[in-house]
Amino acid sequence: MSVNEEMDGAAAEDAGWEVEPGDESGAAVVAAVGRQLKLWREAKGLNAADFGSMVGYGEDMIRKIERGDRIPRPEYLDNADQVVGANGMVSAMKKDVEDVRYPKKLRNLAKLEARAVEFSLYSNFNVHGLLQTEEFSRALLRTWRPAYGPADLERYVTARVKRTAVLKNDPGPEFSFVQEEATLKRPIGGKMVLRRQLEHLLEVGDLPNVEIQVMPTERADHPGTAGLIEILKFGDGTGVGRSDGDFNGRPVSDLKRLRILELRYGIIRSKALTPVESRDFIEQLLGET
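Quick note on numbering: the numbering used here labels position 98 of the sequence shown as 98, and the sequence is numbered without any gaps.
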C-alpha cells in the first residue's frame, strides 16, 4: 500500500463528506468550490501530491475534493488557505459549503422551520428531533439500519443539533409538542443518556414559548395511531404540514388538507396530559430512571 493510500484510508472521514446523491444544487456548489481550490493550488505551483502532503491528506483525496466529489470540512479550507497564502479568501468559502454539508431533506426542513411562527408536533416513535440532546440523537441514529458510517453519522447529528437553535429564536415561535409515553421510556443509549434527555425535556419545557405534553399509553381512543404529525405556520398566514398516515406522507400546504391535520392534532392534544401534568410525569420518570 502506498503512503497516499494509507493517508487516504486514515483521513478520508476527516477531509470531508460525500455529496448526497440527487442533491443537484448542493453538488453545483461543491463543484464550484472544488474548482476554486484547484485554481489556488495551481497558481501556487503545487501539484496535488505536494499540496496533499502540506495539508495532511493523500493525493487521491485532494483530487476528489477538487472534482466536487467530496464536501470539504471547514478545517480543510482553513489549512488550504494557509498553504496557498490566500489571506482568508479560501477560508471564506466555508460559508458556501456550510449548508451543503447537511442532507438536502434536512436543509429544506431547516429553512421552513426558520420561517415558522407556530409549531404543532406529535411524535409517536421517537423523541422529536427538536427536543433531542446531541448524545441522544447520536445514540438513536446508531440504531438505524443499514448503519451509518462515522462521517455520515456525525453529519446527521450535527444537522439535528443545528435545527434545535430555532427553539431559542428571538422573537421565539410558539411550540406545541405531544410525545407518546413510550418514547420517554425507551433507554436509547443507556440509562444515563435517557436521564439527560429527560432533564433536557424539563429545561426546554420551562421556555415560555414551549409546551410539552405526554400522551399516556393507556389512552385507547386517541387518533394518533396513523403516525407523526408536523404542522408549521408562517407569519403570512400560510402553513405546511405532513403526517405519516395521510397524503402519502408528503408535505401539504392547501388549506383543506392542513385543516384535516390541525383537527387531528387538536384532538390528540386534548387527549394528552396537560403541560403541568406532563412535567410531573417526566419528573417521575426521571426519578425512576
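Keep in mind the hints are simulated off the structure, nothing from the lab. Certain hints may be false.
[Claimed, not checked] Taking lysine to aspartate or glutamate pairs in the DMTMM-like style, the calculated list, with each CA pair at most 20 Å apart, reads:
| hint | residue 1 | residue 2 |
| --- | --- | --- |
| 1 | Lys-64 | Glu-98 |
| 2 | Lys-95 | Glu-18 |
| 3 | Lys-38 | Asp-50 |
| 4 | Lys-162 | Asp-69 |
| 5 | Lys-185 | Glu-199 |
| 6 | Lys-95 | Glu-118 |
| 7 | Lys-94 | Asp-69 |
| 8 | Lys-168 | Glu-203 |
| 9 | Lys-256 | Glu-118 |
| 10 | Lys-111 | Asp-23 |
[To be verified] Quick list of simulated restraints, FRET-style, between CB atoms:
| hint | residue 1 | residue 2 | range |
| --- | --- | --- | --- |
| 11 | Ala-165 | Val-276 | 50 to 60 Å |
| 12 | Gly-237 | Ile-267 | 41 to 51 Å |
| 13 | Leu-202 | Lys-256 | 32 to 42 Å |
| 14 | Asp-50 | Pro-171 | 17 to 27 Å |
| 15 | Leu-255 | Pro-74 | 18 to 28 Å |
| 16 | Gly-235 | Ala-151 | 29 to 39 Å |
| 17 | Ala-43 | Pro-74 | 18 to 28 Å |
| 18 | Glu-24 | Leu-112 | 16 to 26 Å |
| 19 | Thr-289 | Pro-208 | 39 to 49 Å |
| 20 | Arg-196 | Gly-245 | 29 to 39 Å |
Cβ coordinates follow ideal geometry from the N, Cα and C atoms, glycine included.
For each hint, the structure was consulted:
no.	hint	result
1	Lys-64 / Glu-98	holds (18 Å)
2	Lys-95 / Glu-18	holds (18 Å)
3	Lys-38 / Asp-50	holds (13 Å)
4	Lys-162 / Asp-69	violated (24 Å)
5	Lys-185 / Glu-199	holds (13 Å)
6	Lys-95 / Glu-118	violated (28 Å)
7	Lys-94 / Asp-69	holds (16 Å)
8	Lys-168 / Glu-203	holds (12 Å)
9	Lys-256 / Glu-118	holds (18 Å)
10	Lys-111 / Asp-23	holds (16 Å)
11	Ala-165 / Val-276: 50 to 60 Å	violated (27 Å)
12	Gly-237 / Ile-267: 41 to 51 Å	violated (23 Å)
13	Leu-202 / Lys-256: 32 to 42 Å	holds (38 Å)
14	Asp-50 / Pro-171: 17 to 27 Å	violated (52 Å)
15	Leu-255 / Pro-74: 18 to 28 Å	violated (42 Å)
16	Gly-235 / Ala-151: 29 to 39 Å	holds (37 Å)
17	Ala-43 / Pro-74: 18 to 28 Å	holds (22 Å)
18	Glu-24 / Leu-112: 16 to 26 Å	holds (20 Å)
19	Thr-289 / Pro-208: 39 to 49 Å	violated (27 Å)
20	Arg-196 / Gly-245: 29 to 39 Å	holds (32 Å)
Checked against the numbered hints given earlier, this structure breaks hints 4, 6, 11, 12, 14, 15 and 19; the rest are met.
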